[in-house]
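J.: Just so you know, the protein sequences line up as chains A, B and C, in that order. Quick note on numbering: the first sequence equals residues 1 to 341 in the numbering used here. Quick note on numbering: the second sequence equals residues 1 to 261 in the numbering used here. Quick note on numbering: the third sequence equals residues 1 to 564 in the numbering used here.
Quick caveat, the hints were computed from the structure, so don't treat them as lab data. Among the hints, erroneous ones may be present.
[Claimed, not checked] Each computed BS3-like pair below joins lysine-lysine, with the alpha-carbon atoms no more than 30 Å apart:
(1) K29/C to K9/C
(2) K220/B to K106/B
(3) K299/A to K180/A
(4) K234/A to K341/A
(5) K187/A to K234/A
(6) K362/C to K500/C
(7) K42/A to K259/B
(8) K299/A to K191/A
(9) K137/C to K500/C
(10) K187/A to K299/A
(11) K9/C to K42/A
(12) K362/C to K135/A
(13) K259/B to K29/C
(14) K259/B to K34/C
(15) K234/A to K191/A
(16) K106/B to K54/B
(17) K259/B to K235/C
(18) K191/A to K177/A
(19) K34/C to K235/C
(20) K42/A to K34/C
(21) K299/A to K341/A
(22) K34/C to K362/C
(23) K467/C to K259/B
(24) K29/C to K137/C
[Claimed, not checked] Short, incomplete list of chain C residues facing chain B, as computed with Cβ under 7 Å:
(25) L105
(26) G299
(27) D303
Even glycine gets a Cβ: it sits at the ideal position worked out from N, Cα and C.
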Amino acid sequence: MSTNEHAGHPELVVHHAPEGVSDPGHPPHQPRIGDTDPRAAKRSERIVAALFGLSAIGSILVVVAFFVFPPGESVASIQRSNMFLGLGLAFAFAGIGFAAVHWAKSIMNDREQSEDRHPQRSSDEDRAGAVAELKAGAEDSGIARRSALKGGLITALALLPLPVAIPLIGNVGADWKVSKFRHTMWKAGTKLVTDPAGRPIRAADVTIGSVVHVIPEGLNHEDLSADQHFMDEKAKAVVLLVRLDERDLKHTEGTYHGIVAYSKICTHVGCPVALYEQQTHHLLCPCHQSTFDVADGAKVVFGPAKRALPQLPITVDDEGYLIATADFSEPIGPSFWERVK
Amino acid sequence: MKAIAARRHHRQAPIVLLVLALLVTGGLYAAFASTSADATVVAQSPTDIEVGKKLFAANCASCHGLNAEGRESAPSLIGVGAASVYFQVSTGRMPMQADAPQAEAKPPQFGEEATRQLAAYIASLGAGPAIPTDEQVDASLGDPANGMALFRTNCAMCHAASGAGGALSQGKFAPSLLATEPRALYSAMVTGPQSMPVFNDMTLTPDEKRDIIAFIDAQKEGAPGGLALGSIGPVGEGLWVFVVGMGLLIACAVWIGAKSS
Amino acid sequence: MTTTTPLAKAAAGTADYLDQRTNIGVLVKNFARKLFPDHWSFLLGEIALFSFVVLLGSGVFLTMFFVPSMTEVHYDGPWAPMHGVQMSEAFASTLRLSFEVRGGLLMRQIHHWAALLFMASIVTHMMRVFFTGAFRKPREINWIVGFILLILGLAAGFTGYSLPDDVLSGNGLRITDGVVKSIPIIGSYLSYFVFGGEFPGTDIIPRLFTLHILVVPGLILALIGLHLFLVVLHKHTQYPGSGRTDGNVVGFPLFPVYTAKAGGFAFIVFGVITLMAATMQINPVWNYGPYDPSPVSAGAQPDWYMLFLEGSLRLMPGQTEFVIGGYTLSLNVLIPAMVVPGLLFTVLGAWPFVEAYATGDKREHHVLDRPRNAPVRTASGVAILTAFFILVLAGSNDLLATHFHLSINDITWTFRVLLFVAPVVAFWVTKRICLGLQRRDRDLVLHGHESATIVRLEHGEYIEIHKPLDEHELWLRVNYEARRPVEIEPAEDSRGVRRKGYRADRIRRRISQFFYEDRIEPVSAEELAASRAHAAEHHAHLDGTGKHDAALPAGEQETVASEH
Numbered sequence: 001m002s003t004n005e006h007a008g009h010p011e012l013v014v015h016h017a018p019e020g021v022s023d024p025g026h027p028p029h030q031p032r033i034g035d036t037d038p039r040a041a042k043r044s045e046r047i048v049a050a051l052f053g054l055s056a057i058g059s060i061l062v063v064v065a066f067f068v069f070p071p072g073e074s075v076a077s078i079q080r081s082n083m084f085l086g087l088g089l090a091f092a093f094a095g096i097g098f099a100a101v102h103w104a105k106s107i108m109n110d111r112e113q114s115e116d117r118h119p120q121r122s123s124d125e126d127r128a129g130a131v132a133e134l135k136a137g138a139e140d141s142g143i144a145r146r147s148a149l150k151g152g153l154i155t156a157l158a159l160l161p162l163p164v165a166i167p168l169i170g171n172v173g174a175d176w177k178v179s180k181f182r183h184t185m186w187k188a189g190t191k192l193v194t195d196p197a198g199r200p201i202r203a204a205d206v207t208i209g210s211v212v213h214v215i216p217e218g219l220n221h222e223d224l225s226a227d228q229h230f231m232d233e234k235a236k237a238v239v240l241l242v243r244l245d246e247r248d249l250k251h252t253e254g255t256y257h258g259i260v261a262y263s264k265i266c267t268h269v270g271c272p273v274a275l276y277e278q279q280t281h282h283l284l285c286p287c288h289q290s291t292f293d294v295a296d297g298a299k300v301v302f303g304p305a306k307r308a309l310p311q312l313p314i315t316v317d318d319e320g321y322l323i324a325t326a327d328f329s330e331p332i333g334p335s336f337w338e339r340v341k
Numbered sequence: 001m002k003a004i005a006a007r008r009h010h011r012q013a014p015i016v017l018l019v020l021a022l023l024v025t026g027g028l029y030a031a032f033a034s035t036s037a038d039a040t041v042v043a044q045s046p047t048d049i050e051v052g053k054k055l056f057a058a059n060c061a062s063c064h065g066l067n068a069e070g071r072e073s074a075p076s077l078i079g080v081g082a083a084s085v086y087f088q089v090s091t092g093r094m095p096m097q098a099d100a101p102q103a104e105a106k107p108p109q110f111g112e113e114a115t116r117q118l119a120a121y122i123a124s125l126g127a128g129p130a131i132p133t134d135e136q137v138d139a140s141l142g143d144p145a146n147g148m149a150l151f152r153t154n155c156a157m158c159h160a161a162s163g164a165g166g167a168l169s170q171g172k173f174a175p176s177l178l179a180t181e182p183r184a185l186y187s188a189m190v191t192g193p194q195s196m197p198v199f200n201d202m203t204l205t206p207d208e209k210r211d212i213i214a215f216i217d218a219q220k221e222g223a224p225g226g227l228a229l230g231s232i233g234p235v236g237e238g239l240w241v242f243v244v245g246m247g248l249l250i251a252c253a254v255w256i257g258a259k260s261s
Numbered sequence: 001m002t003t004t005t006p007l008a009k010a011a012a013g014t015a016d017y018l019d020q021r022t023n024i025g026v027l028v029k030n031f032a033r034k035l036f037p038d039h040w041s042f043l044l045g046e047i048a049l050f051s052f053v054v055l056l057g058s059g060v061f062l063t064m065f066f067v068p069s070m071t072e073v074h075y076d077g078p079w080a081p082m083h084g085v086q087m088s089e090a091f092a093s094t095l096r097l098s099f100e101v102r103g104g105l106l107m108r109q110i111h112h113w114a115a116l117l118f119m120a121s122i123v124t125h126m127m128r129v130f131f132t133g134a135f136r137k138p139r140e141i142n143w144i145v146g147f148i149l150l151i152l153g154l155a156a157g158f159t160g161y162s163l164p165d166d167v168l169s170g171n172g173l174r175i176t177d178g179v180v181k182s183i184p185i186i187g188s189y190l191s192y193f194v195f196g197g198e199f200p201g202t203d204i205i206p207r208l209f210t211l212h213i214l215v216v217p218g219l220i221l222a223l224i225g226l227h228l229f230l231v232v233l234h235k236h237t238q239y240p241g242s243g244r245t246d247g248n249v250v251g252f253p254l255f256p257v258y259t260a261k262a263g264g265f266a267f268i269v270f271g272v273i274t275l276m277a278a279t280m281q282i283n284p285v286w287n288y289g290p291y292d293p294s295p296v297s298a299g300a301q302p303d304w305y306m307l308f309l310e311g312s313l314r315l316m317p318g319q320t321e322f323v324i325g326g327y328t329l330s331l332n333v334l335i336p337a338m339v340v341p342g343l344l345f346t347v348l349g350a351w352p353f354v355e356a357y358a359t360g361d362k363r364e365h366h367v368l369d370r371p372r373n374a375p376v377r378t379a380s381g382v383a384i385l386t387a388f389f390i391l392v393l394a395g396s397n398d399l400l401a402t403h404f405h406l407s408i409n410d411i412t413w414t415f416r417v418l419l420f421v422a423p424v425v426a427f428w429v430t431k432r433i434c435l436g437l438q439r440r441d442r443d444l445v446l447h448g449h450e451s452a453t454i455v456r457l458e459h460g461e462y463i464e465i466h467k468p469l470d471e472h473e474l475w476l477r478v479n480y481e482a483r484r485p486v487e488i489e490p491a492e493d494s495r496g497v498r499r500k501g502y503r504a505d506r507i508r509r510r511i512s513q514f515f516y517e518d519r520i521e522p523v524s525a526e527e528l529a530a531s532r533a534h535a536a537e538h539h540a541h542l543d544g545t546g547k548h549d550a551a552l553p554a555g556e557q558e559t560v561a562s563e564h
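Next comes chain A alone, as it looks inside the complex (with noise of 0.2 Å):
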């Protein structure tokens, strides 16, 4: 058999059973145990009744824990409360669970029905009904040749979204100041300082294959002006601090004496990088595996960065302690459209 729509388009072609074979309709009707021998039945009775008792036995042990088991403040007490609440609130869950289905499957009738379905297709007079109200709606409504009336509804209702969305989505962006990615707030003179202790940091303490994690100096609340906020700034300021033998550097511009320091936030999509491996001294970001080449000017040898991190030029000051000689020469972390320009 096959269906045949309107002429002019592709043609279905689908196979049916072949002939002489049709329809053995329902299989016949497997009585179950519980349906003939009465002790049976009796049976499935009593499973589902021990099996709402389950639950029963479930929520009491759920009060009681409530009462009896605390969460104190060690690690096994906490635990213990866990633990017991809820087990008792899935034995209580479970037991009515199992229950219900048992009794569905044993005791309830379990003969298959069958019932007609119709197309979803409305009848060929209920659509031209449908079709004869809408008309007579129309046509009551007058809007039929009026076109200023028409061009009126669809203007006002076109402009209606701006007056919500444009408050919405003004303010929901605060100042738009995207300028601000391109600064941190690292300056000519910054000292460096640990993070997050905020102790000041002597060159002649950082030792080859060591790595610090810094932040600049004035981060603490008080320092920072009004439009500047910690997190904000700790964003973009944070720097890895590495030294290496100064031979193994390939640049030293910004650099002292084999030290030499990085922005700690990757090109790629910002996660901070900070596995240093010395011996190979690459720089490895966890999040997707970037890697950066230390010795190297910290540029990408794998993985789905494609820049560079910035370099933070540094220098010591009269007491031997790291500052920064400028801000970084680019903006830092992850790309933006009008990042170059």
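Chain A is already provided as a structure; the job is to place chains B and C on it using the hints.
T.: For chains B and C alone, coordinates are given in the frame of chain A:
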């Protein structure tokens, strides 16, 4: 009679005799030779440094050079300090047995005394970090809260926030710290073994190092929420929701849909 | 109607009160005994539905204690490793929930396990619908509704696990900011839009909270309502078999059987989730620590349903960022984060329409396909799943490296290749398996089951006795739609004039051929008649000898079918 017997040995008798001799020799050697290398090597020298030098010559010089000056296959040990030797040898990483991206921890080949003797010898070659004292590594004297904060910034990116370890590039890895003894933890921090950076006493003060040791110790108390599932994070959780959650529920669904007997 | 017991009287009174005001009698009459077909695979969607109920319930509990604020506080609760630590109120309230509220940790774990299960069951349910062709007319709209529910589920999960403001999910937000920034032209402004300024700002957690408890669940609830309404309107599909046609539905009534089975299953789902929450720790934010832009942990992954995005970000090579005219185009971020998911979701969402186009089929379908009878659909589904699975594994590459002692760089390169090769191989293998299974079915129809009994006939021929299929087994294997590629009208009409629309038709035929060219022809009436005649012949021989096991001793069992 003797003459006849003398000619009447089995074709393979010499081989059997040879094997027997080897077995006896080997068995005697195994029975009487000490398992610890120091017993066989220790001669008559009194000082630790002397003993250490002999141990070094027998077990380490083939890669590190007779004067620990280093070779192509192994770095120089001059100036690495006693702590470095303590870490590498007590965790069994050294002597390194097989070629691998990094030396891995294995059952140590030397006992406590021999390790210290080796360390004394290396320390005598050049100044370096000393083996930490008992007080320096006593977890009960440290502050686990401060330790956790320090660990989070300095260590978690390689060793994972739980201390369970993590991957580095090219097959290297930062190992789990949960079974590492405190003195080895301290020594590793201060010497920066293999890929690990150096955390000298200016970067992390001795108190801060002890705080970190206290934090790792506290991690052994277990998981408040139940089974830790290997502490591998969301990937492990996703795996278990399919195996346990969907597994149990699909099993129940099959039961529900099945015809009752 | 006699109402003798007090309970029955009360029920009757209530029913009367309601009916007088709502006409509810009609509803009860038409729906109380609605039939639903019975198969375990129809319960997968219910797992999703009931997990969602758990999410709502446990979620309300959590909102009683969670504070969606990024204001910094110092911790002074009972968890010792956090003493004095500076953290946001969001993180502090999460710690309070976990350690001070009785049952708080349980509710957090129930909520998070339920979220993972919600997504797992949606994907499994979607696979069932896909592989059985349940998305065909009239259910295309319901497929799209389900597809949107999948996306909303992803949004709900993402906004949810970011709420505690810990280092792990906070780095996830940072990655999101990086992805947003990479969007051309509007990226930086979009970043400001999302975070209310520079990252991290102080707005993101409260905004995610509103999305997570109001907007997304509201949309999900509405769409679930629509999804279920359509299932009731269309009536549920059913697997092929005797007595089941496109014109009927065979099953059990809603009341009492499905009330008990589905209701019971609901409680079982609640129970399993609670069991997991009681015994298996999930999302221990006290180990990760409060969010700060400086720390990061090894093993930095999002929840499992986002791993496909994480994997594509990890696999993409970095050389593909370009500066054109001073503007930066970061394809190394845009392709994995936008193009790859865009492709996957577009293929999934558009599938019913592509298939309808390829078959030209405009009929309603209520009987499901056995997956083997739609080889290209099944193979395509397996290919998409393979690609998805490779991405999930790629997102876990550092864990694979540490657990299997491999190099993470080698793993990344391997997956870069496998992402393209494995789905093609999977497609080909699956298609061949489906065609093979169809051949086997055909064989069964014509010859019946092998009975492993060999008989030697008197004239020396050996035959194997086949047990013919009973009428139900036979019907299942012959009553399916064997589709062929569409036939289109020729390019030129009788006078050699090229007709309009030929090109479009030709594309359509090509697509249709991709779907249906390789096929196993179904058993025709002649073949069936011939095989029956043949079988009758054999039985005639056997009856003639009077025995069925004349030739071979009892122990010999050879499964050698005779050659015909």
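J.: Hints first: check each against the structure and report whether it holds.
T.: Here is what the structure says about each hint:
Between K29/C and K9/C, the direct Cα distance comes to roughly 20 Å. Compliance with the 30 Å bound is thereby established for this hinted pair. Restraint check: the Cα-Cα separation between K220/B and K106/B comes to about 21 Å, which is no more than 30 Å; the hinted pair holds. Between K299/A and K180/A the CA atoms are separated by roughly 25 Å; this keeps the pair inside 30 Å, and the hint holds. Under the criterion of a C-alpha separation no larger than 30 Å, the hint pairing K234/A with K341/A is consistent with the structure, at around 24 Å.
Between K187/A and K234/A, the direct Cα distance comes to roughly 14 Å. Compliance with the 30 Å bound is thereby established for this hinted pair. Note on K362/C and K500/C: the hinted pairing holds, with a Cα-Cα distance of about 23 Å set against a maximum of 30 Å. With a C-alpha separation of about 19 Å, the suggested pairing of K42/A with K259/B holds against the 30 Å cut-off. Pair hint K299/A plus K191/A holds up; C-alpha atoms about 25 Å apart against a cutoff of 30 Å.
For the hint pairing K137/C with K500/C, the CA-to-CA distance comes to about 28 Å; that is within 30 Å, so the pair holds. The straight-line distance between the Cα atoms of K187/A and K299/A is roughly 24 Å, inside the 30 Å bound, and the hint therefore holds. Between K9/C and K42/A, the direct Cα distance comes to roughly 29 Å. Compliance with the 30 Å bound is thereby established for this hinted pair. For the suggested pair K362/C and K135/A, the alpha carbons sit about 28 Å apart, so the restraint of at most 30 Å is met.
As the CA atoms of K259/B and K29/C are separated by approximately 28 Å, the hinted pair is consistent with the 30 Å bound. For the given pair, K259/B sits about 20 Å from K34/C by alpha-carbon distance, which is consistent with the 30 Å threshold. This hinted pair checks out: K234/A and K191/A have alpha carbons roughly 15 Å apart, not beyond 30 Å. Distance restraint check for K106/B and K54/B: the Cα-Cα separation of roughly 23 Å lies within the 30 Å cut-off, and the hinted pair is therefore satisfied.
Proposed proximity of K259/B and K235/C is supported: the alpha carbons are some 22 Å apart, at most 30 Å. Of the pairs offered as hints, the one joining K191/A and K177/A holds, with about 27 Å between alpha carbons and a cut-off of 30 Å not exceeded. For the given pair, K34/C sits about 9 Å from K235/C by alpha-carbon distance, which is consistent with the 30 Å threshold. Of the pairs offered as hints, the one joining K42/A and K34/C holds, with about 29 Å between alpha carbons and a cut-off of 30 Å not exceeded.
With a C-alpha separation of about 21 Å, the suggested pairing of K299/A with K341/A holds against the 30 Å cut-off. Between K34/C and K362/C the alpha-carbon distance is near 27 Å, which keeps this suggested pair within the 30 Å criterion. Between K467/C and K259/B, the direct Cα distance comes to roughly 25 Å. Compliance with the 30 Å bound is thereby established for this hinted pair. A distance of roughly 28 Å separates the Cα atoms of K29/C and K137/C; the hinted pair therefore holds under the 30 Å criterion.
Restraint check, L105/C versus chain B: the minimum CB separation of about 6 Å is within 7 Å; hint holds. Evaluation of the G299/C hint against chain B yields a held restraint, the C-beta minimum of about 5 Å falling below 7 Å. Of the supplied interface hints, the one on D303/C holds, with its beta-carbon coming within about 5 Å of a beta-carbon of chain B, less than 7 Å.
Comparing the model with each earlier hint shows no violations; every hint is respected.
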